[in-house]
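Undergrad: One letter stands for each residue in the lines below.
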Amino acid sequence: MLEDTKDLFTGTADKAKTRHVYSVSEITRDIKLILENTFGEIWVEGEISNFKAATSGHFYFTLKDEATVIAAAMFARANRDVKFKIEDGLKTICFGRVEVYGPRGQYQIIVEKIEPKGVGAQQLAFEQLKNRLFKEGLFSAEHKKPLPLLPFSVGIVTSSAGAAVRDILQILKRGASCVNLIIRSVRVQGEGAAGEIAAAVEDFNQFKRVGAIIVCRGGGSTEDLWAFNEEIVVRAIYNSAIPVISAVGHQINITLSDLVADAFVETPSAAAKIIVDKKNSLLSELDSCRYEINASASGVIHRLGSDLAALRQMLKSPLDRLLEKQQLLDEISNSLFLNMKHYLEITRQRAGSLTQRLDALSPLSILSRGYSLSMLMPDEEVVKDASKLKVGDVIKTVLARGSFLGSVQEVTQNERKTDV
Amino acid sequence: MKEKQTFEDDFKRLQKIVEELAGGRLTLGESLKKYEEGIRLAQSCSSLLSDAQRKVELLMKKDGKYALDKFDDSPQEEK
Chain A
1 MLEDTKDLFT GTADKAKTRH VYSVSEITRD IKLILENTFG EIWVEGEISN FKAATSGHFY
61 FTLKDEATVI AAAMFARANR DVKFKIEDGL KTICFGRVEV YGPRGQYQII VEKIEPKGVG
121 AQQLAFEQLK NRLFKEGLFS AEHKKPLPLL PFSVGIVTSS AGAAVRDILQ ILKRGASCVN
181 LIIRSVRVQG EGAAGEIAAA VEDFNQFKRV GAIIVCRGGG STEDLWAFNE EIVVRAIYNS
241 AIPVISAVGH QINITLSDLV ADAFVETPSA AAKIIVDKKN SLLSELDSCR YEINASASGV
301 IHRLGSDLAA LRQMLKSPLD RLLEKQQLLD EISNSLFLNM KHYLEITRQR AGSLTQRLDA
361 LSPLSILSRG YSLSMLMPDE EVVKDASKLK VGDVIKTVLA RGSFLGSVQE VTQNERKTDV
Chain B
421 MKEKQTFEDD FKRLQKIVEE LAGGRLTLGE SLKKYEEGIR LAQSCSSLLS DAQRKVELLM
481 KKDGKYALDK FDDSPQEEK
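Those protein sequence lines, which keep their order, are chains A and B.
My numbering numbers the first residue of the first sequence as 1 and each following residue consecutively.
My numbering numbers the first residue of the second sequence as 421 and each following residue consecutively.
Chain A extracted, bound-state conformation (with noise of 0.2 Å):
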């Protein structure tokens, strides 16, 4: 120690008596070989400003604190595995190393790994993607297609050995085994699979056969759900022509295929069961139909029984008329018969009363009164006029009771006359 110091010591003294001279190279490359041995890697918390994504794909920043920055530079190799955007004000932890950039006269960080602070990567991604998306309008109800009735043949996408696949093909059997099942098989998870997926769900848009198309996965990791928040799942699916049910692992995980997709349910074995509970509500509602119909129909028979009966009514109803016609015919006639009884009454007792004055006027009540009549024979031409008559003439003279024949002596004319 004491030894350490004297070195120490008696060395600045030589340099300070020698006036060594560093080129800038020199005394460069010391700070580089004394920081970058001293620091090695390291990892370091800090904000981004001044980000800049350079056109060769590097990207270069300033961590910043408080009163600090310092520079750094993640170069393209590093960077194309970060899965978020890296952007200004972002709050970081950084892992690198220190080095030194002669040509600057520069110290900076070379970033091999980034990581947000506060929420993990994958998480930063997820949201910045989906804010992304939103804002373009990929989640909005509008795009979002119905399903049909009843989907006879539904495409599934998924790996044909996972226990998605069983769930589905087996709720189905029990549930709803009308319903034609065509299995995309791909890798759900790790390299490739968002890929696989998507070129899956576009394949069933070419091939055109089926209703509905269930992209899925079982239960996982949000690490091994990734596949279904990847950008290019998500646009084949907001681009399928056929309604996409999205049903990607367990109840808690959303994916963006969930935001995007026309139904989204949490499991595989729900979005089979969508299928189940349409076909049941539809043979129920099958069912009423036809309760209906039948309802129906036997209102309309039982409406046009009684149109019927009432046509009946109306049919009999002349005869009726008849019969009452026939009613009023007797009670005319019947008092027809009376009024005639009663007229011929009448005209009786008037024809009496005139026998009794024809009587009166009869001239042979005259004759009672001591009045005769002549009549000239043999025609009993009754004699008005004396000048009719002549000697000898025979004459029927009628007395009130009896007559006498007699014959004329003399004619004497105008004798009453002048008398009256």
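In short, the hints are calculated from the structure, not lab data.
Note that CB positions come from ideal geometry on N, CA and C, so glycine has one too.
It is possible that part of the hints are untrue.
[What the hints assert, rightly or not] Incomplete in silico selection of chain B near chain A, CB under 7 Å: (1) L448; (2) A462; (3) C465; (4) S466; (5) L469; (6) D471; (7) A472; (8) V476; (9) L478; (10) D493.
[Unchecked claim] Straight line, CA to CA, 30 Å or less: simulated DSS-like cross-link-like pairs of lysine-lysine: (11) A:K173 <-> B:K481; (12) A:K273 <-> B:K436; (13) B:K481 <-> A:K145; (14) A:K325 <-> A:K341.
Put chain B on the given structure of chain A with help from the hints.
TA: Then chain B, alone, in the frame of chain A:
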């Protein structure tokens, strides 16, 4: 898909017939016709739904052409 199209058309036609019959403005002849058609449609729709002859196939793509392969789903039946 043809099946599905037929089903959707038949089902919509059936719903229309139900409405028309319920409306009660049809003659007896029309009613009977619609009734017969309705019952027939309900029957064919139901039998499509009750069909148990489902197929499970794998969609394969070779040289840009699609083909359907049989998918053996028997193992899960044993489960």
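Undergrad: Would you check whether C465 (chain B) satisfies its interface hint, that is, whether its CB is within less than 7 Å of any CB in chain A?
TA: holds, 5 Å
Undergrad: Measure nothing beyond the straight line between the CA atoms of K173 (chain A) and K481 (chain B); if it is 30 Å or shorter, mark the hint as holding.
TA: Cα-Cα ~26 Å, so holds.
Undergrad: Is the interface hint for D471 (chain B) satisfied, with its Cβ closer than 7 Å to some Cβ of chain A?
TA: holds, 4 Å
Undergrad: At a threshold of 7 Å, is the proposed contact between A462 (chain B) and chain A supported by beta-carbon distances?
TA: Nearest chain A Cβ about 5 Å off; hint holds.
Undergrad: Double-check A472 (chain B) for me: the hint is only fine if its C-beta lies closer than 7 Å to a C-beta in chain A.
TA: holds, 4 Å
Undergrad: A closest beta-carbon separation below 7 Å is what the hint needs, so does D493 (chain B) meet it against chain A?
TA: holds, 5 Å
Undergrad: With the threshold set at 30 Å, check whether the alpha-carbon distance from K325 (chain A) to K341 (chain A) stays at or below it.
TA: With a Cα-Cα distance of about 24 Å, the restraint between K325 (chain A) and K341 (chain A) holds, given a limit of 30 Å.
Undergrad: Taking the least C-beta to C-beta distance, is L478 (chain B) closer than 7 Å to chain A?
TA: Status holds, d = 5 Å.
Undergrad: Between K481 (chain B) and K145 (chain A), is the straight-line Cα distance small enough, at 30 Å or below?
TA: With a Cα-Cα distance of about 27 Å, the restraint between K481 (chain B) and K145 (chain A) holds, given a limit of 30 Å.
Undergrad: Holds or violated: the hint that L448 (chain B) contacts chain A, with Cβ atoms closer than 7 Å.
TA: holds, 6 Å
Undergrad: Using the nearest Cβ pair, does S466 (chain B) come within less than 7 Å of chain A?
TA: holds, 5 Å
Undergrad: Take the C-alpha atoms of K273 (chain A) and K436 (chain B), compute the straight-line distance between them, and say whether it is at most 30 Å.
TA: Within the cut-off at roughly 28 Å; holds.
Taken one by one, the earlier hints all hold for this structure without exception.
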